[in-house]
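Participant: Numbering (the working numbering), first residue to last: 27 to 145.
These are calculated hints, taken from the structure and not from any lab test.
Treat each hint with caution, since some may be false.
[To be verified] Mimicking BS3-like on lysine-lysine, the simulated pairs with C-alpha atoms at most 27 Å apart in a straight line are:
{"no.": "1", "residue 1": "99", "residue 2": "36"}
{"no.": "2", "residue 1": "55", "residue 2": "99"}
{"no.": "3", "residue 1": "36", "residue 2": "55"}
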Amino acid sequence: MNEPNLFVFKVSFNGCNAFDPPNDVFSLKGCTVVVEVEPEGMARFMGIHHSADVDRCLAEEIAEQTALQTIQKDLPEGFVPGCDIVQLRRLPDEVQHRRPTLHAGRAYAWLVEMPQMKK
Numbered sequence: 027m028n029e030p031n032l033f034v035f036k037v038s039f040n041g042c043n044a045f046d047p048p049n050d051v052f053s054l055k056g057c058t059v060v061v062e063v064e065p066e067g068m069a070r071f072m073g074i075h076h077s078a079d080v081d082r083c084l085a086e087e088i089a090e091q092t093a094l095q096t097i098q099k100d101l102p103e104g105f106v107p108g109c110d111i112v113q114l115r116r117l118p119d120e121v122q123h124r125r126p127t128l129h130a131g132r133a134y135a136w137l138v139e140m141p142q143m144k145k
């Protein structure tokens, strides 16, 4: 189980209404990234009253940004996909013994599933 100061999120990308590529050239359906965030001290550093709710909110923002960075190389310039974020109780077994795909500051990201993109 996670240490108390860690948050784990599953970020599932679902595309964006503003970008409708022909024949799903850049389809993100099924693209999933698991992100572990350690927000300890971030709220205090930013001058915000420290609370569990603030930590969770900051961790969720960091998780979304980190997940986007993980798949960004596969996306058209300027494309920002929509996503669904779910907090998990712990890191899934499938990634526990794998090296992260991306390490960014206080976050680690694992690309769990990436659909084959047509180019």
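Participant: Can you confirm whether the C-alpha distance between residue 36 and residue 55 stays at or below 27 Å?
Facilitator: 14 Å, holds
Participant: Would the hint linking residue 55 and residue 99 be met if the CA-CA limit is 27 Å?
Facilitator: Cα-Cα ~16 Å, so holds.
Participant: Is the hinted pair residue 99 and residue 36 satisfied, with a Cα-Cα distance of at most 27 Å?
Facilitator: Status holds; Cα separation ~19 Å.
Taken one by one, the earlier hints all hold for this structure without exception.
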